[in-house]
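Engineer: Chains as they are written, first to last, in this note's numbering: chain E, 1 to 443; chain X, 1 to 438.
In case anyone wonders, no lab produced these hints; they're calculated from the structure.
Worth double-checking, as some hints may not be accurate.
To be verified - Some chain E residues close to chain X (C-beta under 8 Å, calculated; not the full set):
{"#": "1", "residue": "D31"}
{"#": "2", "residue": "L77"}
{"#": "3", "residue": "T78"}
{"#": "4", "residue": "T138"}
{"#": "5", "residue": "L286"}
{"#": "6", "residue": "V340"}
What the hints assert, rightly or not - Which stretches of chain E does chain X cover? Using the computed rule of at least three CB atoms under 8 Å from a CB of chain X, they are:
{"#": "7", "segment": "107–116"}
{"#": "8", "segment": "172–183"}
{"#": "9", "segment": "197–208"}
{"#": "10", "segment": "243–255"}
{"#": "11", "segment": "386–393"}
Here a beta-carbon is modelled for each residue, glycine too, at the ideal position from N, C-alpha and C.
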Amino acid sequence: MNDRRQIRFGLAVPGSGINKWSWRHTSAPPDASVNFAYYRQLAQEAEAAKLDFLFMADGVIVERASPPHFLNRLEPLTALAALAAVTSKIGVVGTVATSFADPYTVARQFASLDKLSEGRAGWNLVTGDVAAAAENFTDLPYLPHDERYRVAEEHLAVVQGLWDSWEDDAFVYDKAQRIFADTSKLHTLDHRGEHFRVKGPLALQRSAQGQPVIFQAGQSEVGRDFAARHAGGIFAVGQTIENAKAYYADIKRRARAFGRSGPAPLIFPGMGAIIGGTIEEAERKLKAALEQPTLEEAIAFLSPAFNNHDFSRYDPDAPFPDVDAGEEASRGYSETIRRVAREEGLTLRETAQRFANPQSRFVGTPETVADEVQRWFEEEAVDGFILGVSGREEFTDFLGEVLPILRRRGLFREDYEHDTLRGHLGLDIPENRYAAGAVEAVA
Amino acid sequence: MTGHRQVRFGLAIPPTGINRWSWRHTDGPPDASVNLAFFREIALRAEAAKIDFLFVADGLIVSRRSPPHFLNRFEPLTILSSLAAITQRIGVVGTVTTSFADPFTVARQFASLDALSGGRAGWNLVTGDVADAAENFTDARYPPHDERYAIADEHLDVVQGLWDSWEDDAFMYDRERHVFADTSKLHTLDHRGLHFRVKGPLALQRSPQGQPVIFQAGASDVGRAFAARRADAIFSVSPDIGAAKAYYADIHRLAVAAGRAPEHAPLIFPAMGAIVGGSIEEAERKYRDLLAQPTVAEAVAQLGWAFSNHDFSQYDPDAPFPDLGDVGHDAARSTSDLIKRTAREEGLTLAQTAMRFSSPQQRFVGAPETIADTIQQWVDERASDGFMLAFTSREEVADFLEQVIPVLVARGVFRANYEQDTLRGHLGRAVPINRHGD
């Protein structure tokens, strides 16, 4: 074991594609998003490659124009619980929106996932970013962006409070004295806040990692503060190494300002990788990938980041139109698109083709891609990456050809050295708030 | 074909019992309720014995007085998903209450379990727990018993409506023509009812069994009517074959009155335990040992679960069973009524009642052949269509699966192998037609 800081990798489990075209161009089954046998195979390959965690993103709306993966997919908690049963080391991280789920149910289902996986669960907390989603939940008001974060703050406090319901040494199992548990170590939260009233306690003990790891993807001012304060890991958007470094520095500065020490929050931009035997072959593959979508498909793909704005009404060869994403949209991503288009003077067509492919894509031979990954890591633009591959082949290429190089360079683990997700990520086990002498727990 | 009716079995997992003492007397791990390896072991044994389905019960509150299994346990949808991943054929059924879960989320999570298990999911729809559970859910109220069923009716309308969002032949996967799905076959529910407003659609296609199987446990008048009308299967509690036959006949009468064909009436699964011995005498000795496990104080405390956690320790255990009025009326009414009636009719003291009902479900006690005879009698005489097996130890599971099941298989009344891949297939229930289909 060397003491060097190591790169960490999550795999965004690829389904049938979050764009409309990649399903046509991959060897993955077209029903990948609902094909558990396929998910199991990917999960086991990712675990054999010693990746840190699997990640399942989520959303709760669908319409006829949605991309294939959104039309028909497994729900994260059930799918992750199934994957946890067929793996033994790799972390299992899923998205749940605080706007659309009771904190008691969120706490319970993630605690159950954490316990059955023996400490491998993570919750990607999103606030719920599409107004239409609220229409699936009776009486739910749709809140403005910053207000959603205030609700999320209280939601998370309830969830983490419920997770500590049992002190770790409560279960004694003393048959002779007929003591199953020391119930004085069961604590009732009795939360009464502005948005939630939740009594507790939760009938589930803490796992080997104490509590599930909190992931977040804050981009706005409010979102960055939230993530810097609470998250163990952040899913970031980084188009260039410069803006990734700026984001990295900003988050770490905010985290220190909140009094946090240690590595958290770890920053994971999404990345894809196109690998070729030569640079030329890789560039040929990239060109083929860029030509997969029709122009209409690429332009439509921009729309979700802009609150489903219809871009088809603009001239594709005129400069990228000045569209305000609006207060309610997922601001971070739309602002990135606008900035890049503005700074590079792109047309709508060029912008659409650029963003039709995953962000931070590395293109080259295994060695040059490994070099780039290393550079981003060593220059403190990232702590690791979420592999957002758009097909079976990219995944296999990256695991089979790039990871071995990073391993030889001492930048990625040869084998798992821990059993829990917190262990893989180097995050501390949070102390139970009720334990004797406990200080205030952190994420 | 033997002329006898086929028997079906569910197995409650984990086999820990819901009392305060069985954890001391089992060879299972003391943390059985949160031990995935133990769940896996039992699930694989059950599947090897070709049991129809595994069942994970649930409840939403815990207090310092709760029995061990309630203090610390897995949540049903997550643990059932894990079990589905490590089994191939056996059904996976779990409890979720309509009072404290959004229909959209219930529909989605059960549809996901159904998809990843290849059509093996079942939802045991319950309308509540105890009133205290509402305190875990901001702004939730706990309506009275009958109103809960009205809400459940609409909740189930929404869930089943969402499950039909996609027609079965919608997914084309035509790479040449760029057609992933025929989205004209995606339907928006747009439900606007008295209790719920849910737009939909649900982004999950139907499984090979069409929709998850609906289980229910209605025993009150309103509950029976609901179950007879809407359930595919019913979990019941009957003290003897006479009561079971009356319940069975009543459910069938109500189902037909609600317009269901007699063969579509819900399957009825009374809860059942079994104490298997090499001889009748050995079985009876095991049974006496089992009844002697709790202390009187434990047995008295245990009674509370059927009475909204009523504290029975305030009464003299040797006085006649107390007059409780309406206590228990709003919770597990069928069980609490049975306990009250039995105590009154037999003139039992509180202690006697507590010891009698320390194991509330029916138990068949005897040699394997004797138990098989009793099972066949119940099924042939239409007291049940099968049984919900509720054991309190690993040994009880092994005894039943290894000694009683082979007798039933040899008699041709239980399957030697799975003949179907889905839970509906095992239970002989038709795949529901999609409401939007031709």
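Engineer: Each hint: holds or not?
Structural biologist: Hint-by-hint comparison with the structure:
1. At its closest, the beta carbon of D31(E) sits 7 Å from a beta carbon of chain X; the interface hint therefore holds under the 8 Å criterion.
2. A cut of 8 Å between beta carbons decides the hint on L77(E): the least distance to chain X is about 6 Å, and the hint holds.
3. The beta carbon of T78(E) comes within 4 Å of a beta carbon in chain X, closer than 8 Å, and the hint placing it at the interface holds.
4. Annotation: T138(E) was flagged as interfacial toward chain X, and the flag holds, the nearest CB pair being 5 Å apart, inside 8 Å.
5. Taking 8 Å as the C-beta cut-off, the interface hint given for L286(E) is violated, the closest approach to chain X being about 21 Å.
6. Evaluation of the V340(E) hint against chain X yields a violated restraint, the C-beta minimum of about 28 Å exceeding 8 Å.
7. Here the segment 107–116 of chain E counts 7 residues with a CB under 8 Å from a CB of chain X, which clears the bar of 3, and the coverage holds.
8. Counting residues of the segment 172–183 of chain E whose beta carbon lies closer than 8 Å to any beta carbon of chain X gives 6, which reaches the threshold of three, so the coverage claim holds.
9. Coverage of the segment 197–208 of chain E by chain X holds [criterion: at least 3 residues with CB-CB distance below 8 Å; count 9].
10. Remark: the segment 243–255 of chain E is not confirmed as covered by chain X, as 0 of its residues place a Cβ nearer than 8 Å to a Cβ of that chain, below the required three.
11. A stretch counts as covered by a chain when three or more of its residues have a beta carbon under 8 Å from one of that chain; for the segment 386–393 of chain E and chain X the count is 0, and the coverage is violated.
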